[in-house]
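Number of protein chains: 2
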Amino acid sequence: MAADYDLKVWRVNVRTQTVTKEPVPASWERLGGRGLLARILLDEVEPTCEPLGQKSKLVFAPGLLVGHMLSASDRLSVGAKSPMSGGFRESNSGGSTGLHMTSMGIKALILEDRPTDPAFWTLYLSLQEVRWSRADDLVGVGVYETAPRLLAEYGNKVAISLLGPGGENQLGTAGIQNLDKERIPGRINARGGLGAVMGSKRLKAIVFNDAGGQKPPIKDPEGFKKAQKAYTQAVLAHPVSQTYRDYGTAANVLVCDALGALPTRNFSSGTFEQAESVSGEHMRDLLLKRGGESNTSHACMAGCTIRCSNIFGGDDGKTIVSPLEYETIGLLGPNLGIADLDVIGRMNWQINDIGLDTIDVGAALGVACDAGLMTWGDSARALELIDEIRRNTPVGRILGMGATMAGKVLGIERVPATKGIAMSAYDPRAIKGTGVTFATSTQGGDHTSGLTLRVKIDHRDPKGQVAASRTAQINIAGYDTLGACIMSGFGYATSPDAVRDLLNARYGWNMGDDALQVLGKETIRLEREFNRRAGFTKAHDRMPEWMTREALPPYNVVFDVPQDEMDNIFSDLD
Amino acid sequence: MAADYDLKVWRVNVRTQTVTKEPVPASWERLGGRGLLARILLDEVEPTCEPLGQKSKLVFAPGLLVGHMLSASDRLSVGAKSPMSGGFRESNSGGSTGLHMTSMGIKALILEDRPTDPAFWTLYLSLQEVRWSRADDLVGVGVYETAPRLLAEYGNKVAISLLGPGGENQLGTAGIQNLDKERIPGRINARGGLGAVMGSKRLKAIVFNDAGGQKPPIKDPEGFKKAQKAYTQAVLAHPVSQTYRDYGTAANVLVCDALGALPTRNFSSGTFEQAESVSGEHMRDLLLKRGGESNTSHACMAGCTIRCSNIFGGDDGKTIVSPLEYETIGLLGPNLGIADLDVIGRMNWQINDIGLDTIDVGAALGVACDAGLMTWGDSARALELIDEIRRNTPVGRILGMGATMAGKVLGIERVPATKGIAMSAYDPRAIKGTGVTFATSTQGGDHTSGLTLRVKIDHRDPKGQVAASRTAQINIAGYDTLGACIMSGFGYATSPDAVRDLLNARYGWNMGDDALQVLGKETIRLEREFNRRAGFTKAHDRMPEWMTREALPPYNVVFDVPQDEMDNIFSDLD
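The listed protein sequences correspond, in order, to chains H and V.
Heads up: the first sequence begins at -6 in the numbering used here, then just goes up one per residue.
Heads up: the second sequence begins at -6 in the numbering used here, then just goes up one per residue.
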């Protein structure tokens, strides 16, 4: 090794354009990813501040286990006070940014203040140099064109976090995109408006160059290797890993349809008559037949053995979009009455290119259908509306602000959202544990906060759902703090010592069997404290009223988990 | 007298179209108007319910002193959970509805449930009959045409509370209009979206016919007469009564301009270079010169001696609008860079006809200017945008939802609003006590919750403002509970025994010298409790961040009343 691995907090003032490197405070050392974001926000951000204002901060933090090519565990967490929910927000993504940050010794990157001038900038960070460049020529340019232009300028080896026009326009659904192994900007910190926060900081892109960096040190290399092996074997052995490798997350289409939880026509039904044609099985057949650039099993991060991602190619063998995920299919497909994967893929590409969250945009389009701006199944109109978002017209802004705002402005009560965040493609009336997550999570309608789909439970029975959601929420908060993907749970669930052993070997800590739960609980505790200071109470942990009243076909279920049970889900943490 | 005066709660189920008359619960007896609304909402409405949903209720309640032609004291309070703020909302208005309700013995009219069918109805209430009529022919019709049509059908003696198209479309700025003595629907329960709530109940109008009704009984007629006389003399003797009689509330234009608090170009300045041309003085000159239907001093309620209202006529002597008030002039005039009273009057008429709150629409137009949808001073464009609201287009809906929503959708941070409610025409940086009211009131940016303009204090000094606001808020909550106009304070302030004596004489109570404060504090206590259950905390009692940072010309003041002082303004009531 050249020099000692030097882990620091990098602090960027976007107004004065200064970057300082600070020692890591002791209370931040044992956290990473989502948990670290919660700690930093609580320590440094005024909870009642304007999310897009001068006092707001945007923080990037790789998880605790990032940097070792551990399968499904190199994720980047980005967080801020959400302009959508007004509360704590973390979104994580695969791609290469987390890995670069760790190699560069960046424990957390904190972006603060706000320029007085509206110009956009590209910030280049390396161990040797910090450079600010005007990004005038990139303003309004989609991510698929912006990324190669930046790669041409900064070299093919960099990692990039960048915005599309949606982030520049500070739309609530704007995310932050990152490059995958193939340097396609398809890995997105999608939810909660983090792209809008980055837009308010006037950064079009952050380029990370880890040249001269190094892998983080491992205290006990042998122990780490052993634990890694056990974990990797467990991941590979899990039957659902294989399912996702073959079909991607789109495997969930028919699962959710069977459960009556596939969001159809703005969550008015849980089953879609053409579910087969948007299924993972059909997608796999298509891709295998089409060949060319299509790929049924693609890794979003180097070293991942699950490879649940895909490259969705057209009849001509050329890529339509990569990846095409279940939640996107659900919200842009059945939720809009659209049954054609090619069309869904093209909508996905457009929304990605603008730099937005497909889930909240899809939900907003569903609301737009109920408001008469579009008829069910009219994908040409859907593409027109997406183009309105790109052109930043008033209609486009209504939709680009997401389902909650669209519902308010368009006067539609049937909005599938909690805490201002659209529900991902799991109707909570038919998968009630996930409904509990949507209601009680600090982050609103987000399955990645605690999906209960694979829990062995009667998903339509209100009993036991709070416990199922609690377990899922704590586990996932733990994974998000490790930098581990939700899929890593396939490994950790059947290799229960792995988290403990990996952390202890990596850091020389002495964590116990409950390492994952300790991290998860601490993360949720910090998030809840931030939200409380921001003005959240139990009154915000509510499902939309209409979902407690409108029965969902085909099983005619309403959401009926008792509110008082939900209100106490985390009372031990407060 | 025919029968005994029979005071009841009338409960209307708008889905089943049934009306029941119930005894007044003991805990409601000593409240009226705003205080009674707070009690009813707390007793009957789930605080986390959807404001436009099935569980929401809309309540009409005249004040405690309504029914005796007491000057400035026949006001009607209407309340509900606000679709704008998500919290308690009361708006009161003059006109004849409160008087009719009292004559009919209606302590409170509670509208509940929600029809499943979208058709609109007219509800006719009299002592002899309840009648529901389809209002298909009135849908989309403005209030100025709807009112005479209903009068033709139900007779000239009825009182009417009605909606314009804005209320039908459930716009957040929609109010409920009432007839004045001349049967013009210019008295509006304007703020907080109560018209949207009535629209959700599918009522285009409620017609009250008090035929066969009677004046409420007075326990001690001599005592009442004596107290009434003292109060009336005090009102007449107050110098500001005379000012308002001569100039209307428009007298405040030059007062606020001098204080540097006249909202100009979306609250970017507190002084307007053409303030003279929109002043009360100029208006008076115009009206005296023009003659015809113009009237500089008009009473919005029978028996009022202040007569601060006016009829604003054009060059041709024909009415442009009635009344034209300071807050409307401020928000539609200087706030948009418009300096022509005739144009402001025409905008006012249009907004009234659609049935909206001029303050929040004016503030939304100011935000629209900052968003580039209109240039300052372009009144033709302003009228076009108002027409977009009437036509319920997407742009119209953005603006018709009010300034807060417009700011969010259009991406404008500089929104002059608290708790989702646009500030009325008193820039809180230059009248800081009113700023404290905007921040801490249960109802958001509303001067009628506690205006400190006439308090003898240095309005730009942060010291003493919390106390000034507290006093104003408690007094006004008391007046609103009596059914007394904010102007009645001119009388009550210099006739301190009047409230006690009037109440005790009217009801045979034994209230003390602090009668007004007792009512005011109880009202605020109930409202705060409702808001707390609805999810409000101190974190919501905040001024917009930009107002604490952006200095307001000409005195270059920011809002700097200490937050911790504001946080404790009502801690004794919680």
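By construction, these hints were calculated from the structure, which means they are not laboratory data.
Quick caveat: nothing in here was measured; it's all calculated off a predicted structure.
Careful: at least some of the hints might be erroneous.
No distinction is drawn between identical chains; accordingly, a pair holds when it is met within one copy or between any pair of copies.
Said to hold, decoys possible - Taking lysine to aspartate or glutamate pairs in the EDC-like style, the calculated list, with each CA pair at most 20 Å apart, reads:
(1) Lys174 - Glu15
(2) Lys212 - Asp110
(3) Lys531 - Asp567
(4) Lys48 - Asp557
(5) Lys531 - Asp380
Hint by hint, which ones does the structure fall short of?
Going through the list in order, the structure violates hints 1, 2 and 5 and respects the others.
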